[in-house]
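First to last, the sequence lines map onto chains A and B. Just so we're aligned, residue -1 is where the first sequence starts under this note's numbering, counting upward by one. Just so we're aligned, residue 244 is where the second sequence starts under this note's numbering, counting upward by one.
Be a bit skeptical, because a hint or two may be false.
[Unchecked claim] Cross-link-like lysine-lysine pairs, in silico, BS3-like; alpha carbons within 30 Å at most:
# : chain 1 : residue 1 : chain 2 : residue 2
1 : B       : Lys285    : A       : Lys55
2 : B       : Lys314    : B       : Lys301
3 : A       : Lys7      : B       : Lys300
4 : A       : Lys7      : B       : Lys285
5 : B       : Lys353    : A       : Lys55
[As the list claims (entries may be wrong)] Okay, the calculated bits of chain A under chain B, using three or more residues with CB under 8 Å as the criterion:
# : region
6 : 9 to 22
7 : 66 to 77
Just so you know, these hints were derived from the structure itself, not from any lab. Ideal placement from N, C-alpha and C gives every residue a C-beta, glycine not left out.
Each chain, written out:
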Amino acid sequence: DSGVTQTPKHLITATGQRVTLRCSPRSGDLSVYWYQQSLDQGLQFLIQYYNGEERAKGNILERFSAQQFPDLHSELNLSSLELGDSALYFCASSPRQGGGTDTQYFGPGTRLTVL
Amino acid sequence: GENVEQHPSTLSVQEGDSAVIKCTYSDSASNYFPWYKQELGKRPQLIIDIRSNVGEKKDQRIAVTLNKTAKHFSLHITETQPEDSAVYFCAAKAAGNKLTFGGGTRVLVKP
Chain A
-1 DSGVTQTPKH
9 LITATGQRVT
19 LRCSPRSGDL
29 SVYWYQQSLD
39 QGLQFLIQYY
49 NGEERAKGNI
59 LERFSAQQFP
69 DLHSELNLSS
79 LELGDSALYF
89 CASSPRQGGG
99 TDTQYFGPGT
109 RLTVL
Chain B
244 GENVEQHPST
254 LSVQEGDSAV
264 IKCTYSDSAS
274 NYFPWYKQEL
284 GKRPQLIIDI
294 RSNVGEKKDQ
304 RIAVTLNKTA
314 KHFSLHITET
324 QPEDSAVYFC
334 AAKAAGNKLT
344 FGGGTRVLVK
354 P
């Protein structure tokens, strides 16, 4: 167990809908990262937040947004869902801003299925 | 930006043999190289990492080597066991915060 928690574990929804994924980092970690992993695909970095502020952005669609709250938990919002958004969404956390050798620890993931 | 290539994409080995996975990276500023193991439907788990000031690191049956000049690094698993079967991802981090992952290697250890 990495100490990173994610809810829900599974999510099934329809095209055009909006969902929110939640992540709680390890105790004391200030950075949260979101990744998307499609079937048989690698890990695609979406976005990073550090202590409430957006720190780095990857291949995140405009339909997706995220935020980190004062208690450091983070939410990833996915809207106008399409079939291609079906994937595993992982959250990871690290102690610091993420530079240098800051190690990232992954949560168990949320499996999103869009029908 | 950083680009990480990983080979092979699949690797089948006999139990007890060694497995080697290779990765190349493009950004010479990269200074941190972790390896993650992911079992089916589960989270990636860090198994070993190496910093750019070190050429080799070993942890029991797992070792990682780094060649900064050639910009490649490798994962070596010795005396493979069935529980080593999983997908392995390499990653590289340059200046900044983004960790770029390779495409993954599916390792199958046959008993």
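Results for each hint:
| no. | hint | in the structure |
| --- | --- | --- |
| 1 | Lys285(B) to Lys55(A) | holds (24 Å) |
| 2 | Lys314(B) to Lys301(B) | holds (19 Å) |
| 3 | Lys7(A) to Lys300(B) | violated (35 Å) |
| 4 | Lys7(A) to Lys285(B) | holds (11 Å) |
| 5 | Lys353(B) to Lys55(A) | violated (40 Å) |
| 6 | 9 to 22 | violated (count 0) |
| 7 | 66 to 77 | violated (count 0) |
Checked against the numbered hints above, the structure breaks hints 3, 5, 6 and 7 and satisfies the rest.
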